[in-house]
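Since the structure of chain A is provided, determine the placement of chain B on it from the hints.
Protein chains: 2
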Amino acid sequence: MGVRVAVVGATGAVGVEMLNVLEQRDFPVDYLRPLASSRSAGKKVAFKGSDITIEELKEDSFGGIDIALFSIPDNESRHFVPYAAKAGAVVIDNSAVFRMDDDVPLIVPEVNADDIRKHKGIIANPNCSTIIMVVPVYPIHRASRVKRIVASTYQAVSGTGRAAMTELKTQSEQILAGEEVAPKVYPHQIAFNLLPHIGSFTDNAYTTEEMKMHNETRKMFGDQEIRVVATTIRVPVFRAHSEALNLELERALTPDEVRSILSSAPGVKVVDDPSRNLYPLPIDASGQDDVLVGRIRVDYSVPCGISMWISGDQLLKGAALNAVQIAEHII
Amino acid sequence: MGVRVAVVGATGAVGVEMLNVLEQRDFPVDYLRPLASSRSAGKKVAFKGSDITIEELKEDSFGGIDIALFSIPDNESRHFVPYAAKAGAVVIDNSAVFRMDDDVPLIVPEVNADDIRKHKGIIANPNCSTIIMVVPVYPIHRASRVKRIVASTYQAVSGTGRAAMTELKTQSEQILAGEEVAPKVYPHQIAFNLLPHIGSFTDNAYTTEEMKMHNETRKMFGDQEIRVVATTIRVPVFRAHSEALNLELERALTPDEVRSILSSAPGVKVVDDPSRNLYPLPIDASGQDDVLVGRIRVDYSVPCGISMWISGDQLLKGAALNAVQIAEHII
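From first to last, the protein sequence lines are chains A and B. Going by our numbering, the first sequence opens with residue 16, and the numbers climb by one from there. Going by our numbering, the second sequence opens with residue 16, and the numbers climb by one from there.
Since the hints were made in silico from the structure, they are not lab data. Bear in mind the structure is a predicted one, so any value in this text is a computation, not a measurement. Among these hints, one or two may not hold up.
Identical copies look the same in the list; a pair holds intra-copy or inter-copy alike.
[As the list claims (entries may be wrong)] With a straight-line Cα cutoff of 30 angstroms, these simulated DSSO-like cross-link-like pairs (lysine-lysine) come out: (1) Lys59 / Lys135; (2) Lys199 / Lys284; (3) Lys199 / Lys59; (4) Lys199 / Lys184; (5) Lys58 / Lys101; (6) Lys59 / Lys133; (7) Lys59 / Lys73; (8) Lys58 / Lys184; (9) Lys133 / Lys73; (10) Lys184 / Lys59; (11) Lys73 / Lys184; (12) Lys59 / Lys162; (13) Lys101 / Lys284; (14) Lys63 / Lys199.
Pulled out of the complex, with its shape left as it was, chain A reads as follows (with noise of 0.2 angstroms):
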């Protein structure tokens, strides 16, 4: 027996890697439902061999359909979600809606699988530079509770979607020309550029997405005394994420406990031999399932601290990965 599958936003940049996930994993879909707004309606999708027609996202969409993958915008999830989940699908969702609601299980399968299980029809996805994050970071919390995590942010432009990918490549070609650019979709160039702005800014001066990652995090470890600072920064890059982090430890681990750690870990993978100028880059995490760890080393700043490097694909592991993940635990 299959499962009736929904898609919704079929045509996004995280949409398109669900697809192509649930087809690449093998993932038992019986039926496939591609949802996506009045404008794509009508158009096809591939998927194992068939042209499937994407039909518009309504309130009654949702029938006979046993789990629903949204990865739409806030304001849409908060709309419609809600239907499917009165339908009977088990929704996952990728907005950041539903993430902090007690009813709700935040799942990043490496870290809580177990919570999937307490769900109430709806189970989110986590904020794509907290799944990059807690991914490597869990397992060393196992080994030695993790009390405090700098993270500074090198995010891809895949984030903020399918445009920002064009806009990237659209500005990079008009400077390239010796032409001015005009940014629609960021604030200001983000070619050649650097943007200290992800999400929205909140009253204490932190974006929206630097206390996501605070937050998930606390919600994901059971562990409300964790504290993670962050700065994100939007970097001219296609699609992966990466990140600088500073852990303190509860108690000392040696760069060759973690390691020997990160190398049996689930979706982990140590790349960290500089002599031979390997660590992590994003063009190399770009495509790929498991999030890059390199560059391991003391904190020497602290009692018991760790620094590292990170890479991860921010529409794979980030988004559609593992949202696939969350749906394979549920069948």
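Chain B alone, transformed into the frame defined by chain A:
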């Protein structure tokens, strides 16, 4: 009475800026001797409306010179700087070779101009990412001692020199055209990528660049207790370095107090109004003398923490401008 100045490495990315800065700041140059490798000897540089012929850098190039501004690779500085000093010139050297020598003052005028007079013929210009960090951090340190800095850098290719700036441009064009790239200056592609590798790797798995930020800050602040832990990353940006900084202070300062301190600090420009999308951007810092500081907020993860985001022109304050400012203090 004017000053007889040699600019050593006059055709390099920093050397060209040294000539520009000397001219723009109306430095009292009585006589200018541009020096470079044999490859560039005989070419001309424009200075204050004249074309001046570049001479080949030799051991005996420094007769009659008062101040020699050096910006050539470390191994060449190691060889030629002592000849200039022996000939009676005061050398301001941009290389890393002499920076940690007890006899050599390491100077950022906004931090420790008074140390200039201790020189014995050689003064060192600090590492670019260190300069850009200490300009805004030192005034905070004076108000409340900085105990620890976690720095993650986002460094422009200009720091590697002119060939790297060309490589970023060429590789970007190639990738946009769907062509393969062949890295020459860097071990990996830099366009649309990030390199966690600046300088060379040391025994503790940090890079030389990362350790410079620790060691040079201690020397300039005259504080062997301050701890700086850095992850230095090359980004596809042309000429301004940016840094995410997490400061741990002895006693808490509010963001308003920090903004007030920095508003009257020399060499700093506070750009910090997120509600109007105003924050430091490397494209805005490019060509500016001041280090831009913004995103100033409480680091809630420690008792007395401040987080901030800074951008400064690598070729100007990070190198040429700082060297000329030192020369201004000498005369």
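Against the structure shown, which of the earlier numbered hints fail to hold, in ascending order?
1, 6, 11, 12, 13, 14
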